[in-house]
Amino acid sequence: MIFPHGAAQRMDHEAAAEVFYDAVVVGSGISGAIVASELSRAGHRVLILEAGPGEDATLKGYEDYLERFYATPFKDNQSPYPVTPDRSRPDATRPRRPQDPPRASRRVRLHRAERPVRL
Amino acid sequence: MHWEGKTPRMLPEDFAMGERFEQGVDWPLSYDQIEPFYERAEREIGVSADVEDQSYLGLSYKPGYVFPMRGMPLSYLDKTVAKGVDGTPVELDGEHYELKVRPFPQGRNGIPNPAYDEGRGFTPVGAVSTSQVEEGGRCQGNINCVPICPVQAKYNAGKTLAKALQTGRVDLLAQSVASKVVVDPDSGRVTHVEYRTYGDNEGRSTRIARGRLFVICANAIETPRLMLASGLKSTSGLMGRNLMDHAYLLSWALLPEVAGTMRGTVCTGGISDLRGGGFRRRQAAFAVDIHNDGWGWATGSPYTDLLNLVDNENRFGADLRRELVQQISRQLLLAFMVEVPPSPSKRVTVDASFKTSSATCARSSRTRSRSTRCAVSPSRASSRAGSTSASAPPTTLLRPLRLRLRQLRGPGVRDPRRHHLAGTHIMGTSPHSSVVDAQQRSWDHQNLYLVGGGSMPSVGHLEHHIDDRRALLPQRPAT
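Protein sequences, first through last, are from chains D and G. Going by numbering that gives the first Met the number 0, the letters in the first sequence line up with residues 0 to 118, in that order. Going by numbering that gives the first Met the number 0, the letters in the second sequence line up with residues 0 to 478, in that order.
Hints are supplied without guarantee of correctness; some may be wrong.
In silico EDC-like links for lysine to aspartate or glutamate, alpha-carbon gap of 16 Å or less [stated by the list, open to error]:
1) Lys74(D) to Asp304(G)
2) Lys158(G) to Asp11(D)
3) Lys158(G) to Glu54(D)
4) Lys179(G) to Glu51(G)
5) Lys99(G) to Glu51(G)
Treat the hints as calculated values from the structure; they're not laboratory data.
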């Protein structure tokens with residue numbers, strides 16, 4: 000997977016407003032990516048609007064995700080991905096049991112576990 | 000990016016639920032019409048599977064077809080469970096079925112099949128890395144497919160997006176949240192999309208994007224959310240309705256012997272042979288996943304195991320390591336994936352008080368339907384049968400099973416939301432009974448396509464990312 004250098008930054012809002020695109024695609028997930036790929040290969044000019052930060056359209060972005068995942072002590076399905084208040088996303092897909100402690104207290108317990116064990 | 004990566008096709012009967020079983024609605028497409036697009040999707044994703052394993056319940060392939068890469072082997076855990084499950088007879092609605100642990104097709108890189116594409120073979124999209132580590136890009140069984148593949152073997156949308164950006168004809172504006180689809184009231188055509196920006200460079204502003212054709216690909220919650228927030232309910236009034244997901248029942252237990260849990264992809268095999276059959280007239284069909292990642296989904300294992308051993312049992316050193324292996328490598332979790340039929344009352348609505356913020360809040364209501372509930376009891380029964388016949392003594396197996404099952408919420412469905420969302424801009428043959436046509440084009444707006452799982456009129460038993468792709472491949476801009 001090789002993103003062209005700076006591909007996600009090469010267009011700005013001012014310049015995009017001047018273009019009448021063949022297609023405007025909302026979202027660059029699995030559906031948006033394939034639509035953009037098929038249309039562009041057929042010669043059409045495409046604009047993608049992506050709600051996310053867009054910092055992952057690079058190799059470094061992928062590696063940052065990995066690093067964040069490895070560095071998270073109590074991992075769940077969202078651990079690699081940053082929270083962006085400006086676009087909503089589903090909660091972690093692993094359900095929490097009713098008897099689970101709330102997240103904050105789970106973190107406290109974890110800190111306790113990380114302390115050196117006195118022998 | 001955090002999808003698990005199984006890529007089974009839907010069954011021919013999944014497309015004709017109304018006609019065959021008087022349940023749900025029919026697709027405006029048949030399996031035979033869609034089959035060539037499955038092939039293209041399997042090329043795009045890079046699917047590893049063997050046709051002989053995937054020919055069941057009417058799944059058919061073009062003569063001589065092979066998947067791009069060879070099938071991934073069953074895990075040791077799968078084989079341990081198969082010892083007990085294979086050949087187990089089940090009777091449902093008067094028909095007899097024989098259970099079998101079958102490998103799933105995988106959307107991740109394996110060994111390319113030289114016979115693919117009439118002998119031209121297949122070149123997977125491999126890994127690139129900035130470190131000295133040779134990653135190879137083939138699946139290494141690291142188990143943390145969800146949420147991220149450490150060696151870039153699992154397909155993610157970035158692989159396709161990178162290809163699109165390489166053409167030089169695609170511009171990407173990130174931190175741009177579409178907020179309104181604006182329609183010309185006379186022609187019904189979309190004139191532009193309004194979007195809001197955020198972030199350090201741009202600050203907050205509202206801007207517009209113009210074009211000839213518009214494609215909304217924001218998945219089954221956000222796509223209808225955007226349309227409804229724009230006041231576009233569609234002629235049928237079905238925008239946002241028929242929200243579907245898979246209902247899950249989890250059963251988990253300890254095996255009497257170390258079975259290699261935590262090796263492989265999250266799920267390499269399971270029971271697929273009850274995905275279809277005449278019983279669907281009376282109850283929902285289901286598939287069973289054998290989870291190589293142990294109890295993770297249900298209990299938060301392995302992290303909770305570690306906390307428990309340290310905090311509650313005061314284990315440390317070699318003893319702690321040994322006990323972790325003992326506990327985790329014996330974990331068995333079966334996930335029963337139950338189909339949910341469409342119902343207009345389950346829907347996505349927009350909370351008006353959030354309309355002004357960039358993250359408009361969508362509310363969703365999902366309830367289990369009758370046929371989903373009906374499916375749960377046989378699922379649990381066969382879970383017990385399956386587990387016991389995996390030669391586990393009742394003391395180690397049934398005790399945890401019974402204990403855990405008592406903790407289930409409701410009538411046994413443990414997790415009714417898996418985010419396998421569908422139905423909210425349902426596909427059909429008429430503007431009065433559906434939102435989009437068979438090409439995923441909006442009936443009301445000629446130059447607008449709503450693409451994704453939301454177009455699907457039935458969910459079957461797959462993670463329907465593959466269907467997202469299949470359905471949108473045929474489309475071309477209206478000229």
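Hint by hint, here is what the structure shows:
Pair hint Lys74(D) plus Asp304(G) holds up; C-alpha atoms about 13 Å apart against a cutoff of 16 Å. Between Lys158(G) and Asp11(D) the alpha-carbon distance is near 23 Å, which puts this suggested pair outside the 16 Å criterion. Distance check on the hinted pair: Lys158(G) and Glu54(D) sit about 15 Å apart at the alpha-carbon level, within 16 Å; holds. For a cut-off of 16 Å, the pair hint linking Lys179(G) to Glu51(G) is broken: about 48 Å separates their Cα positions.
Distance hint between Lys99(G) and Glu51(G) is fulfilled; the C-alpha atoms sit about 14 Å from each other, no more than 16 Å.
When the structure is compared with the earlier hints, violations turn up for hints 2 and 4 and for no others.
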